[in-house]
Amino acid sequence: DVKVTQSSRYLVKRTGEKVFLECVQDMDHENMFWYRQDPGLGLRLIYFSYDVKMKEKGDIPEGYSVSREKKERFSLILESASTNQTSMYLCASNPPGTGGYTFGSGTRLTVV
Amino acid sequence: GENVEQHPSTLSVQEGDSAVIKCTYSDSASNYFPWYKQELGKRPQLIIDIRSNVGEKKDQRIAVTLNKTAKHFSLHITETQPEDSAVYFCAASITVSDMRFGAGTRLTVKP
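Quick mapping for you: the protein sequence lines, in order, are chains E and G. Take 61 as the starting number for the first sequence in the working numbering and just add one per residue. Take 7 as the starting number for the second sequence in the working numbering and just add one per residue.
Keep in mind that the hints were calculated from the coordinates and are not lab data. Take these hints with a grain of salt, some might be off.
The calculated lysine-lysine pairs, modelled on PhoX-like cross-linking and capped at a C-alpha distance of 25 angstroms, are [claimed, not checked]:
#, chain 1, residue 1, chain 2, residue 2
1, G, 74, G, 64
2, E, 63, G, 74
3, G, 74, E, 73
4, G, 116, G, 43
Go ahead and model the full structure; you've got the sequences and the hints to work with.
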């Protein structure tokens, strides 16, 4: 089974803090994604990466950045956390040429 | 970009009844349509998918139909059971990197 592991299940941070969300997959997948999940809005794509050091903006990249220094790890960075970034963050990965994503368990981030 | 709309947002059925969730998409170039199930507190998991060269696909009690002309696709669950209770998401994509999701349907199956 492909495993996508997110380092934290729950996180509470203060406004203005720099926040790192980590995601690791163990199946050598090229593609990795960060989504945020909010009630009534579904999953919205923040950033994705199709290779090491490559990144592409999704639909809502403002206030976020990403880092992919190694193939298995894709980090989401909140440069200066704000309360409107309180959400569930989901990481996903898949190999090239197929569509099905494998998701991590999610990180519920609360910014106070 | 692609826009996916999903209806209804909530659905309640009696155990044993059928449930149908519908999605529409905007980009006629979309060619891959997966469905994910997310149980409370768990990650979304792929339950079935269909590609644009197929009109229908079935897996036990779950089936998905695709109407490319009308740009809509549907999830059908027959003989529903309490363990089918979850949030279901549809999605559409052209390439592997541009998948867009619907807002989700909360299905409740009452015993």
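Structure-based check of all given hints:
1. G:74 <-> G:64: Judged against 25 angstroms, a Cα distance of about 18 angstroms means the pair holds.
2. E:63 <-> G:74: Outside the cut-off at roughly 33 angstroms; violated.
3. G:74 <-> E:73: violated (45 angstroms)
4. G:116 <-> G:43: holds (18 angstroms)
Hints 2 and 3 from the list above are not met by this structure, while the remaining hints are.
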